[in-house]
Amino acid sequence: MDNKQKVLIAVLVAVVALFVVAIAVRGGSGGEGDASTVSSDRDGLLARLGGDPAAVRPEEIGGDCGRQGPQVVVNGSCDLQVGPSEQRMRVVRLRTAADIDVTAPAPEDADFEIEKELAAGDEVAVAVDSGGASIELDCGFNQQCTLTLLGSET
Amino acid sequence: MSGELRKPFFVVAIVAIGLVVLVELGSTLLIGGGDASAALARQINDLGVSAPRASGEEPPGRGVPYLVLIDVILLYTVLLMGAALLLPDRLHGRVQGVTTLIGSIVLIIVAFIMGLIAFIELLIMVALATAAPFGTVVYLAIWGFFPRGDAAVVLSLLMFLKLAFCVFLVLAHQRFLQNKGLVLLVLTSLVCNIIVAFLHGLVPIILVSIVDDIAAIIFAILAIIWAIVLLIGSIPAVVKAVRVTVTQ
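Residue numbers (our numbering), protein chains in the order written: chain P, 156 to 309; chain S, 873 to 1120.
Hints were generated in silico from the structure; no laboratory data involved.
Keep in mind the model is a prediction, meaning the values are calculated, not measured.
Possibly wrong hints are sitting among the right ones.
[Unchecked claim] According to the in silico footprint, chain S covers these stretches of chain P (three or more CB under 8 Å from chain S): (1) 225–236; (2) 271–280.
[Claimed, not checked] DMTMM-like cross-link-like pairs, simulated, lysine to aspartate or glutamate; straight-line CA separation at most 20 Å: (3) Lys-1052/S with Asp-157/P; (4) Lys-159/P with Asp-961/S; (5) Lys-1112/S with Glu-876/S; (6) Lys-879/S with Asp-961/S.
Backbone N, C-alpha and C fix where the C-beta goes; we use that ideal spot for every residue, glycine too.
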């Protein structure tokens, strides 16, 4: 066996060893993971990797809710209509001053709706795809509540 | 171990790398597709949202299929060596130059488009994952439950075929080891296999699709670099072929 064959065998053994280690590493990677930790880590690696997703511009938002600048006034219930856009993924960020139910269709052709009950002071990011969406806001029969569109205060 | 090329070993090496390319092309059928609704329901519950009709499916990922961008160069290189056994030298020289020129340009375009698609998908994944809770639920439904086990099986098969390719190529003729370009290309292919296996195990399952997409982007960039090397290498052969044609 000459030197070249020895080097080749050494390299192949090293490759196999590295591959086995790479496959074995998955045992220590934390299993399934916790989506709530990932999604709330807005200053973490993920956020730095992709940057903040584009916020929906106020002029793209219509519907039958009352509007006073960045304030959205809900009397009982109303729909925020987000118009279509060339951007494939945008978010509507809302902060609520009272308890409210927010329901929105899942973007990217996912055929289901998502509902979240928010308490006063909570923030929520509603993802909207290029086709737009209708976001249902419900603060209870005969109740009035106010939300703030974040990123459009100015 | 000098002398003539041992054709049976060389044919086995070509078959091995051919199988690598076929497995990578068909890997989207082998990886993913399983139902992940139960795991999705668990994560949705943890996020404190309600999405009763939500259903999740294991994604096939892009990392493994994108390996084909590198390995198709390897297949092309050994097929070109095989063609030298069948074609006369003058014809082989011309065919090599022209096909490499066209092939490398096509590969640059294809790898660029595929890299761009993976990059856009990566941005969407990150945007959705961090847009809690509405975007996060959608991210989980589409990409949240990468089938690491399926991917490990396919990657192990690919690694076996690539190692078999290396061994049979050297058994066919030891002078292949003196071809630095070929050795570097084989090492790139093996290292890419290790990279994707390592990245799949690095993070929790719900984030594997993101690192898998990063791996796909890396492979597209590496393929473009190799295609540029091939393109530059083919120019002298094309110029020579044109000169010969003109003088005739």
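Results of checking the hints against the structure:
{"no.": "1", "hint": "225–236", "result": "violated (count 0)"}
{"no.": "2", "hint": "271–280", "result": "holds (count 4)"}
{"no.": "3", "hint": "Lys-1052/S with Asp-157/P", "result": "holds (18 Å)"}
{"no.": "4", "hint": "Lys-159/P with Asp-961/S", "result": "violated (29 Å)"}
{"no.": "5", "hint": "Lys-1112/S with Glu-876/S", "result": "violated (28 Å)"}
{"no.": "6", "hint": "Lys-879/S with Asp-961/S", "result": "holds (18 Å)"}
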